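Engineer: Protein chains in written order, with the working numbering: chain A, 378 to 656; chain B, 378 to 656; chain C, 378 to 656.
These aren't lab readings, by the way, just hints derived from the structure by calculation. Owing to the predicted nature of the structure, the values given are computational and were not obtained by experimental measurement.
Label-pair distances were calculated between CB atoms; the ranges are: (1) C:Lys556 with B:Lys643: 47 to 57 Å; (2) B:Ser507 with A:Met648: 50 to 60 Å; (3) C:Glu646 with A:Lys498: 50 to 60 Å; (4) A:Lys529 with B:Phe644: 23 to 33 Å.
Positions of the beta carbon are idealized from the N, C-alpha and C atoms, including for glycine.
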Amino acid sequence: MENKIHLQDKLEKVRKNIEENKPLVHNITNYVTVNDCANIQLAFGGSPIMADSILEVEEVVSVCSSLVINIGTINERTIESMIRAGEMANLKEIPVILDPVGYGFTKLRTDGVDEILSKVKISVIKGNISEIKGLLKGNNDINGVDVSAGDKELTKEDIFEIAKKVSKIHNCVVAVTSKIDVVTDGERVVYLSNGNHVMSDITGTGCMISALLGVSLGGNKENIFMGTTYGVGIMGVCGEMAAKDMEKRELSKLKNNILDKIGSIKFEEFMEVLNYEYK
Amino acid sequence: MENKIHLQDKLEKVRKNIEENKPLVHNITNYVTVNDCANIQLAFGGSPIMADSILEVEEVVSVCSSLVINIGTINERTIESMIRAGEMANLKEIPVILDPVGYGFTKLRTDGVDEILSKVKISVIKGNISEIKGLLKGNNDINGVDVSAGDKELTKEDIFEIAKKVSKIHNCVVAVTSKIDVVTDGERVVYLSNGNHVMSDITGTGCMISALLGVSLGGNKENIFMGTTYGVGIMGVCGEMAAKDMEKRELSKLKNNILDKIGSIKFEEFMEVLNYEYK
Amino acid sequence: MENKIHLQDKLEKVRKNIEENKPLVHNITNYVTVNDCANIQLAFGGSPIMADSILEVEEVVSVCSSLVINIGTINERTIESMIRAGEMANLKEIPVILDPVGYGFTKLRTDGVDEILSKVKISVIKGNISEIKGLLKGNNDINGVDVSAGDKELTKEDIFEIAKKVSKIHNCVVAVTSKIDVVTDGERVVYLSNGNHVMSDITGTGCMISALLGVSLGGNKENIFMGTTYGVGIMGVCGEMAAKDMEKRELSKLKNNILDKIGSIKFEEFMEVLNYEYK
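This is chain A alone, in the form it adopts within the complex (with noise of 0.2 Å):
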């Protein structure tokens, strides 16, 4: 009880400061969903930017309050353009997000992330569990996880164990999405159980944490770890209101559900229905 009272207050604090900030956000993303990334940043609060050509994104990014790089379509021509933004988002000190979209996939993929993650210092890497496992085995001098176990019979402490590792080898807060989320920092651990199983048959439910991420951060650079958390949870707890009202499959209904919730949830409806393990 009283962990809890403690995390709602730190929660609050994160979301008081995305009001207080309207922070922009710049995103290079992928062409997929980025218009629900957009407008679900909008409806957090927050003030989208996209923008990913190579002759502006310094510029693009340096009036920003954090990056989002998701690599969902990226090519030959963006990549570079997400490791200029993220060196001048360093620069500037602010918080830089990458969801590396099936790293371990393609050669293009895993290498443009070891990449980027060699030259740009990010704050969150936020993944399913297959591309973060991905992460520790690109790292030769990590040895043990065992990646042959099916992903989904991994627990949540499995899980767990492998984010902390990612955490320290790119010094970094690692959120994983899975049916039970888990956030870290290395040495804190939040494990988030909202959300609902029928959110990965609509697209762009991943992106749009990370999206939701690039606001909750722009505006609590000071606290990554527990805007991380909001970022996650949100997700999770709007999702699951979302489905609730689905009579059927209605998909559509479903995504425009997440917004609406996204856009109007009051923050003691959101601590209601959370679902989580501080430790």
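We have chain A; now place chains B and C onto it with these hints.
Structural biologist: Leaving out everything else, chains B and C in the frame of chain A:
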């Protein structure tokens, strides 16, 4: 009646194969309707991947069950990716769906499609009658099809004749979307007369059909003809049902309803509404 | 009263011209809001084409009734396409609408727009007050407009003064979207005060206005001023009506409602809600 039960059995098999395989579909498509295409593939039981960099398309398509090539916003960069992906799809023997958007409209589109067709074995070409007629005209060895008549005055039998010729030239199934949709493998033909004219007042219904074919054929590579019939049929049926729910010209409602119907329709409902002739 | 009937007649003519022409509009636009722009053009009675490859833009624009250039996500590739398409549009004497998204924000945007303006004759520039003020500052021969004052404190008369100057420099109609929208051809001015502040909480309402202008002017190239007034006015009216249907901050509902209103509003309804001053 015999025929109806016959078709029903085949389509039910197609549906079952989709459910059992949850096909992974690689899409190289346009940025206008890409989000709708991803969502409709998920609704229909598939799993979409959008990737167009020449540095990764071969790897991506290698693990997929089908490839959808939609030239809606092609450029000098993406056309090469389409060909590379198509060649790899052929090597892996997975179905390739081609949507030659605007064939005959510009040199880039016409030459691009001709190049794709010369290098990649296509399983299904899906287009409107102007595009399909264009493909016929492009073949100088063919005489006789009267392309001067207004497209709208063509009977379904005229359309079948054109589609049959294109089918024989490219040795593939051809699906022509029109007031009455025509699907042929050069011998057999299915006429489908569902849908509603208002569907053309939202963008992407054509692209969504190609996307549905990606899913349908991804699970049915042994039965391209019936897979195509099911994919085209489901859009007609769901579009028709979606349009009936509109009280006036509420186009967002139409678009949302189509996705909801695709995601929730029962097979029996589908067969009840499906209006077809099979020869 | 006299004036009201006068404007009503002119706008009704604009509407009729759209209906009779179903204008084909070529859009070179951003990938964030492109789907919404296509759908709103269809809803408004137009027919959108999105194409940005330099290998085809001249051919595409040649058969269209208008061209919309929106620099929302320009890059080194698309800016050349915009200029080529614009030059061809001038040759064909069809209206060109320019949406200088973020003018003054980055060198790429500012130089890009300046280059477009130096090579292409624009019919309408549509922007927010910061962008339009930027265009004025860019012209070194002009002194005096106080750009240090906060944009929000500018009166509608101030905005008109700025817009009038930009209109004279570029010899075009200027539409400034603001709490009160201002449309001027350098002599006449219409002030439009519909809309709702919540519209800025969904992405793309600005882009959609430019898209609507593509349709409106595509059918009214002889009457750019009234065509612009109608395009800007319809968004304000439909946005205002759409916002009224929200019970709380339901942003997907707002977005959907706007499309539905644009697609179904009667002219009489439009005129009833339209709140304007015409001088």
